[in-house]
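Could you put together the complete structure from these sequences and hints?
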Amino acid sequence: MSIALLLILPFTGAITAFIIGKISKKYAFVFAEVIGFLLFALVVNIFLNYTKPINIPLDWFTFGNVTLPFGIYIDHLSVVMLLIATGLGALDIHFSHDYMKEDPDQARYYAKILFFIGGMILLVSAKELTGLFVGWEFMGLASYLLISFWHQNNTPADAGVAAFLYTKFGDIFLFAAMGLLLYFTGTLDLQKINLLASQNQLASSVSFVIAIFIFIAAIGKSGQFPLFPWLMRAMEGPTTVSALIHGATMVNSGIYIVARLFDFYEASQALIVVAAVASLSAFIGATSALVQKEIKKVLAYSTMSHLSLAFIGLGVGSLSAGMTHLTNHAIFKALLFLSAGAVIMSARHNKDLFRLGGTYKKLTLVAIFMALGALSLSGIPPFSGFYSKDAIITASLLNPQTHGIISTLTIIAGVLSVAYIFRVWLLIFAGKPRDLELNEAITTPSKFWIALPLGIMAFATLALGFYQKELRVYITGEEVGEAHIEYLLPSLLGAIFLVAFIVYKFYKSRPDLRDNLAAQPFMKAIHRVLYNGYFIEQMITWFVQVVIIHSVAKTIHWVEVHIVDGAINKTVAMSHSIFMLFSKTTTSKVSNQAGVMLLGVFSLFVILFIGSVV
Amino acid sequence: MSYVALIFLPLFGSLFIYLPTRNLGGTKYITLALFIFMFSQMIALFTALPEHGYMMLGEYLPVTKFDFILTLQVDRLSVIMLLLSSVLLILVTLASWNVEKKPAAYFSLLIFFSGAIFGVFLSTNLLWFFIFWELTLIPMLFLVGIWGAEGRIYAAIKFFLYTHIASMLILLAFFLMYKESGTFDMTLIKESMLSTPVLIYFLLFIGFAVKMPLFPFHTWLPDAHVQAPAPVSALLAGVLLKMGAYGMIRLVLLLLPETSQKYAWILLTLGLITLLFAGFMALYETHIKKMVAYSSISHMGLIAIAMSALSFDSLSAALYEMIGHALIISPLFLIAGFFHQKLHSWEMKDMGGIMQKAPYLSAIFVLAGLGALGLPGTMGFIGEISILISAIESFGAWIVVILFGSLLASAYLIWTFRRVIYGQMSAKVSATDFSMHKVEFFALVIFALLILFFGIFPSSLFEVINQAFSPYLNAGGAL
Numbered sequence: 001m002s003i004a005l006l007l008i009l010p011f012t013g014a015i016t017a018f019i020i021g022k023i024s025k026k027y028a029f030v031f032a033e034v035i036g037f038l039l040f041a042l043v044v045n046i047f048l049n050y051t052k053p054i055n056i057p058l059d060w061f062t063f064g065n066v067t068l069p070f071g072i073y074i075d076h077l078s079v080v081m082l083l084i085a086t087g088l089g090a091l092d093i094h095f096s097h098d099y100m101k102e103d104p105d106q107a108r109y110y111a112k113i114l115f116f117i118g119g120m121i122l123l124v125s126a127k128e129l130t131g132l133f134v135g136w137e138f139m140g141l142a143s144y145l146l147i148s149f150w151h152q153n154n155t156p157a158d159a160g161v162a163a164f165l166y167t168k169f170g171d172i173f174l175f176a177a178m179g180l181l182l183y184f185t186g187t188l189d190l191q192k193i194n195l196l197a198s199q200n201q202l203a204s205s206v207s208f209v210i211a212i213f214i215f216i217a218a219i220g221k222s223g224q225f226p227l228f229p230w231l232m233r234a235m236e237g238p239t240t241v242s243a244l245i246h247g248a249t250m251v252n253s254g255i256y257i258v259a260r261l262f263d264f265y266e267a268s269q270a271l272i273v274v275a276a277v278a279s280l281s282a283f284i285g286a287t288s289a290l291v292q293k294e295i296k297k298v299l300a301y302s303t304m305s306h307l308s309l310a311f312i313g314l315g316v317g318s319l320s321a322g323m324t325h326l327t328n329h330a331i332f333k334a335l336l337f338l339s340a341g342a343v344i345m346s347a348r349h350n351k352d353l354f355r356l357g358g359t360y361k362k363l364t365l366v367a368i369f370m371a372l373g374a375l376s377l378s379g380i381p382p383f384s385g386f387y388s389k390d391a392i393i394t395a396s397l398l399n400p401q402t403h404g405i406i407s408t409l410t411i412i413a414g415v416l417s418v419a420y421i422f423r424v425w426l427l428i429f430a431g432k433p434r435d436l437e438l439n440e441a442i443t444t445p446s447k448f449w450i451a452l453p454l455g456i457m458a459f460a461t462l463a464l465g466f467y468q469k470e471l472r473v474y475i476t477g478e479e480v481g482e483a484h485i486e487y488l489l490p491s492l493l494g495a496i497f498l499v500a501f502i503v504y505k506f507y508k509s510r511p512d513l514r515d516n517l518a519a520q521p522f523m524k525a526i527h528r529v530l531y532n533g534y535f536i537e538q539m540i541t542w543f544v545q546v547v548i549i550h551s552v553a554k555t556i557h558w559v560e561v562h563i564v565d566g567a568i569n570k571t572v573a574m575s576h577s578i579f580m581l582f583s584k585t586t587t588s589k590v591s592n593q594a595g596v597m598l599l600g601v602f603s604l605f606v607i608l609f610i611g612s613v614v
Numbered sequence: 001m002s003y004v005a006l007i008f009l010p011l012f013g014s015l016f017i018y019l020p021t022r023n024l025g026g027t028k029y030i031t032l033a034l035f036i037f038m039f040s041q042m043i044a045l046f047t048a049l050p051e052h053g054y055m056m057l058g059e060y061l062p063v064t065k066f067d068f069i070l071t072l073q074v075d076r077l078s079v080i081m082l083l084l085s086s087v088l089l090i091l092v093t094l095a096s097w098n099v100e101k102k103p104a105a106y107f108s109l110l111i112f113f114s115g116a117i118f119g120v121f122l123s124t125n126l127l128w129f130f131i132f133w134e135l136t137l138i139p140m141l142f143l144v145g146i147w148g149a150e151g152r153i154y155a156a157i158k159f160f161l162y163t164h165i166a167s168m169l170i171l172l173a174f175f176l177m178y179k180e181s182g183t184f185d186m187t188l189i190k191e192s193m194l195s196t197p198v199l200i201y202f203l204l205f206i207g208f209a210v211k212m213p214l215f216p217f218h219t220w221l222p223d224a225h226v227q228a229p230a231p232v233s234a235l236l237a238g239v240l241l242k243m244g245a246y247g248m249i250r251l252v253l254l255l256l257p258e259t260s261q262k263y264a265w266i267l268l269t270l271g272l273i274t275l276l277f278a279g280f281m282a283l284y285e286t287h288i289k290k291m292v293a294y295s296s297i298s299h300m301g302l303i304a305i306a307m308s309a310l311s312f313d314s315l316s317a318a319l320y321e322m323i324g325h326a327l328i329i330s331p332l333f334l335i336a337g338f339f340h341q342k343l344h345s346w347e348m349k350d351m352g353g354i355m356q357k358a359p360y361l362s363a364i365f366v367l368a369g370l371g372a373l374g375l376p377g378t379m380g381f382i383g384e385i386s387i388l389i390s391a392i393e394s395f396g397a398w399i400v401v402i403l404f405g406s407l408l409a410s411a412y413l414i415w416t417f418r419r420v421i422y423g424q425m426s427a428k429v430s431a432t433d434f435s436m437h438k439v440e441f442f443a444l445v446i447f448a449l450l451i452l453f454f455g456i457f458p459s460s461l462f463e464v465i466n467q468a469f470s471p472y473l474n475a476g477g478a479l
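Just so you know, the sequences run in chain order A and B.
Taken in order, the first sequence gives residues 1 to 614; the numbers are from the numbering used here.
Taken in order, the second sequence gives residues 1 to 479; the numbers are from the numbering used here.
For the record, the hints were derived by calculation from the structure and aren't laboratory data.
Honestly, I wouldn't trust all of these hints.
What the hints assert, rightly or not - Derived Cβ-Cβ restraints for the label pairs, each shown as a range:
1) A431(B) / T155(A): 20 to 30 Å
2) N516(A) / S345(B): 51 to 61 Å
3) D352(A) / K357(B): 25 to 35 Å
4) E347(B) / W542(A): 20 to 30 Å
5) K192(A) / S345(B): 50 to 60 Å
6) K361(A) / E347(B): 13 to 23 Å
7) S345(B) / T155(A): 18 to 28 Å
8) S459(B) / L5(A): 38 to 48 Å
9) N153(A) / E51(B): 51 to 61 Å
Unchecked claim - Keeping only pairs whose Cα atoms sit at most 35 Å apart, straight-line, the calculated DSBU-like set for lysine-lysine is:
10) K570(A) / K101(B)
11) K22(A) / K438(B)
12) K22(A) / K342(B)
13) K505(A) / K361(A)
14) K293(A) / K349(B)
15) K22(A) / K357(B)
16) K290(B) / K570(A)
17) K342(B) / K25(A)
18) K25(A) / K262(B)
19) K101(B) / K25(A)
20) K22(A) / K428(B)
21) K290(B) / K351(A)
22) K102(B) / K26(A)
23) K554(A) / K428(B)
24) K554(A) / K342(B)
25) K22(A) / K349(B)
26) K349(B) / K554(A)
27) K25(A) / K428(B)
28) K428(B) / K438(B)
29) K349(B) / K102(B)
30) K357(B) / K25(A)
31) K357(B) / K101(A)
32) K26(A) / K428(B)
33) K357(B) / K554(A)
34) K357(B) / K26(A)
35) K570(A) / K349(B)
36) K428(B) / K101(A)
37) K101(A) / K349(B)
38) K342(B) / K570(A)
Owing to the predicted nature of the structure, the values given are computational and were not obtained by experimental measurement.
We treat Cβ as the ideally placed atom computed from N, Cα and C, and that holds for glycine.
What follows is the structure, encoded as structure tokens:
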């Protein structure tokens, strides 16, 4: 019963919120908030009363002899994902009260947010790949619609297009994987696929290809190399949307699907590919985050990098490390995004880091909560971020396949996170205001609507640090002996503090050092590469524009016009002139011909009729 | 009620409705009432239908000398087509509520068309089938040629000539069948041995491929679609193209199963080329209605691929996709035509930001577009996934390349949304009033609801569709 409610409520709620919002803007929020917390309560209820996996097999439809199932399966992994999605979702809706206060389209906003949460719930409670794919696509749609929420302007509209198409490119591989899995295994049940793979009942070449196909979809959804540019452009949407969808929940679904099919990935030898792609992404994300000028872009690259860390955790064979990092990251990244949202909102929707500064006095609470989130992200004990990051780095060093390039890139990405997040914090809150006029205008945000959700998340990211072992056991279902490397912790912490010190020097006490360094031509070139995300987006855009549209499509267009249609057109043109000659001599009005023609057809019938009788 | 009246009442009645109402007005009410009546009759027929096989409705006008008998017989396949056609006729009538130019003639032609289309789907005598088949062309010719846009005469003639020549091939095949089997009755021909099945196969194949249309016989369609008034475009895509697909299934795949099996690769190849070729054309197009037209052709390619797989699964999938395609492409045509009517431009660069002017209309456009690109929750997804699965069964893993067509569809539709619906308002859009007549809007809402309903609850439709093909099953699921 509560399961059915959990699955249906977001969608009916979305429609109702829209209708209510059209009648009165204010009540759209109230309604959405009620639904949001109700969903969270339902999930908590499932969490507390959990005894064994909830397994409800259902069929969707049968075509020919094929039946496509649409069942529900909720185990520990799903419950964790559900708690993240609905908990952060509810807090995000609460935060939206102030963030979206002045927007005339609140009805649409809350409807889409609820629809999104529904998609996420569907994704993580699906028993089969069909339900998972439906949730996956629903979230993609919600993401597209919410990124281009302010569709009146061109940039958000363009960003929405990018988000949809980049992720859709991945999605068709998931679609294909679905067809192939049904063909080769006869089932779409995720548990059965894991089982078949671990019993070696699948040809390894087939399962490897399918695993890679699914991973390509994960790359698209979770913003990994090379399909990440959409995630950066998605920052055009409202910050509440970035926090929920592009920081904490939807982007996790790529990791979730690999975790869900973990045995399958292990058996198909595809984990090393996951680790390799993810380590490259982690490096690209972490380095690009260092030089961004907008708050949200830093956070977006940081998201990319941290999702990669979770992928690496899975890729090096540690399901628990990957999934705990996903959980920890979801919380502290939502906190960081919403803190950034509070800053942006208070600063008249300015996102430029270099126009802020010295706002600590006015935004004290936000600054403190953001600092806590930053500490967790940097991996400082006892915050939750430390434990999972440490576990991932340890696992990558201990795995002989990934010891080397992959583990090095992982460590670099892990350590650099302190640099970019500390830089952001210093630029926003510390020092003297860079833009006096803007600083004057900054208002202190509401304690209840803004600070409270931030406080809850800050508490959660700290508290979760003390429950890491329980979380690992909860997710994997077994006590995993944690491997340790003696020298790792002190050297990691040493590196983190060294980097933090350099950042402090550069952005607080000695900005002249930074400017001197940045003036070097070599550094300038590097800065450009990093700032543009290694020019991946430019390359992809070039490929689509020049190769697909202006070469292939243009050629096909030429073939259509000049060859396929060309010959026929000549014939038609000839008949046309004959027709015109004919129509000049008959009735002057073309429109009268309809009646005449009907008369002709009528007589034809009479003749036929008489003929048939005779 | 004799079903033969459902054919001849509209065919002859159109004239008698036209003559008095051309000055009095009110033709549209009669038309709507008639179509609703026809729809209710089809519902009644559907519920009376036996589980399997044909149901004889009567034989009329016999000229037994050469088997020229109007035999009316239906099975599930034809009733599904009849139901689809009558729903579309009702919705198209609603969508044409505001026709200003010669409304009496316009609606009379729709009525005439409805009679002809009922004739096509009801009759199992090949000669009568052919007569009705040809009769559908006449109202279409005038609907395009009189109510169309600037280049309507050219488009109408191209459409008429092209499909007419194709019809000649079909007629030739029918005569060959008669010569070899001594009958024009579809059900009897199925049981008799034809001595030249290959020749007949190719004559019919080309004839129906033009109508569907498949590459390289598709070029009449973009022109006809662009020039036709929007509701007629919807009718073209929703009913006329489906006649081609119906003919391909009924008279080629089911009537000549062995030959079809042997030459399935031709249908498959043409389907694949159509899917991708038209997809790329749509990608390159900046003319909104041509974009929709190529999108429509591209999806017909998908249907052809499903047909070529020639299994119970794939035919069910194809039939579902035919219905889905009709319900998805029609609103796209209607809305694209409406934009043109208001803006007097087909070019997407003159559009942009229409969402701000007409949010609900734009939302329906987006919904139908999402259906066309196969988003779950719409009919498009169900069609695509069932076609994919059944195609893999027949052709193996490589057939997943058809998903590239789905990627192309995403690209051209999302870019279209961006250029037409979203973004800053263009000067032209901000100066235009986009208010739509309530009845026309109502028709679009029905389309949207149908797309969603059958997308979320496809089993309600598949139950019927599966039964349509189960009589043709041999053991093992192959045809």
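Hint check results:
Distance hint check: the CB atoms of A431(B) and T155(A) are about 24 Å apart, consistent with the given range 20 to 30 Å. Taking the beta carbon of each, N516(A) and S345(B) are about 56 Å apart, inside 51 to 61 Å as hinted. Distance hint for D352(A) and K357(B): a CB-CB separation of about 33 Å, consistent with the stated range 25 to 35 Å. Here the CB-CB span from E347(B) to W542(A) is close to 26 Å, well matched to the stated 20 to 30 Å.
In this structure, K192(A) and S345(B) meet the distance hint of 50 to 60 Å, their C-beta atoms being roughly 55 Å apart. Taken as a hint, the range 13 to 23 Å is violated for the pair K361(A) and E347(B), whose Cβ atoms sit roughly 55 Å apart. Distance hint for S345(B) and T155(A): a CB-CB separation of about 25 Å, consistent with the stated range 18 to 28 Å. Checked against the hint of 38 to 48 Å, the C-beta distance between S459(B) and L5(A) comes to roughly 23 Å, which is inconsistent with it.
Here the CB-CB span from N153(A) to E51(B) is close to 58 Å, well matched to the stated 51 to 61 Å. About 31 Å separates the Cα atoms of K570(A) and K101(B), which keeps this hinted pair within 35 Å; it holds. In summary, the hint linking K22(A) to K438(B) is supported, as the alpha carbons are separated by about 20 Å, within the 35 Å threshold. Taking the CA atoms of K22(A) and K342(B), the gap is near 27 Å; set against the 35 Å cutoff, the hint holds.
Note on K505(A) and K361(A): the hinted pairing holds, with a Cα-Cα distance of about 22 Å set against a maximum of 35 Å. Distance check on the hinted pair: K293(A) and K349(B) sit about 33 Å apart at the alpha-carbon level, within 35 Å; holds. Restraint check: the Cα-Cα separation between K22(A) and K357(B) comes to about 16 Å, which is no more than 35 Å; the hinted pair holds. A threshold of 35 Å between alpha carbons decides the hint, and for K290(B) with K570(A) the separation of about 21 Å falls inside it, so the pair holds.
Under the criterion of a C-alpha separation no larger than 35 Å, the hint pairing K342(B) with K25(A) is consistent with the structure, at around 31 Å. For the given pair, K25(A) sits about 63 Å from K262(B) by alpha-carbon distance, which is inconsistent with the 35 Å threshold. For the suggested pair K101(B) and K25(A), the alpha carbons sit about 43 Å apart, so the restraint of at most 35 Å is broken. Note on K22(A) and K428(B): the hinted pairing holds, with a Cα-Cα distance of about 28 Å set against a maximum of 35 Å.
Between the alpha carbons of K290(B) and K351(A) the distance comes to roughly 41 Å, so the proposed pair goes past 35 Å and is violated. As the CA atoms of K102(B) and K26(A) are separated by approximately 49 Å, the hinted pair breaks the 35 Å bound. Between K554(A) and K428(B) the alpha-carbon distance is near 28 Å, which keeps this suggested pair within the 35 Å criterion. Between K554(A) and K342(B) the alpha-carbon distance is near 30 Å, which keeps this suggested pair within the 35 Å criterion.
Restraint check for K22(A) and K349(B): the C-alpha separation of about 31 Å stays at or below 35 Å, so the hint holds. With a C-alpha separation of about 18 Å, the suggested pair K349(B) and K554(A) falls inside the 35 Å cut-off, and the hint holds. Simply put, K25(A) and K428(B) have alpha-carbon atoms about 30 Å apart, close enough for the 35 Å limit, and the pair holds. For the hint linking K428(B) to K438(B), the alpha-carbon distance of about 23 Å falls within 35 Å, and the restraint holds.
Under the criterion of a C-alpha separation no larger than 35 Å, the hint pairing K349(B) with K102(B) is consistent with the structure, at around 32 Å. Taking the CA atoms of K357(B) and K25(A), the gap is near 20 Å; set against the 35 Å cutoff, the hint holds. For the given pair, K357(B) sits about 23 Å from K101(A) by alpha-carbon distance, which is consistent with the 35 Å threshold. Only pairs whose Cα atoms come within 35 Å are accepted, and K26(A) paired with K428(B) is accepted, the gap being roughly 34 Å.
Taking the CA atoms of K357(B) and K554(A), the gap is about 33 Å. The hint holds against a cut of 35 Å. Distance check on the hinted pair: K357(B) and K26(A) sit about 23 Å apart at the alpha-carbon level, within 35 Å; holds. Proximity of K570(A) to K349(B) is assessed by CA-CA distance (about 30 Å); at most 35 Å being required, the pair is judged to hold. As the CA atoms of K428(B) and K101(A) are separated by approximately 32 Å, the hinted pair is consistent with the 35 Å bound.
At most 35 Å may separate the alpha-carbon atoms for a hinted pair to count; K101(A) and K349(B) meet this at roughly 34 Å. Restraint check: the Cα-Cα separation between K342(B) and K570(A) comes to about 33 Å, which is no more than 35 Å; the hinted pair holds.
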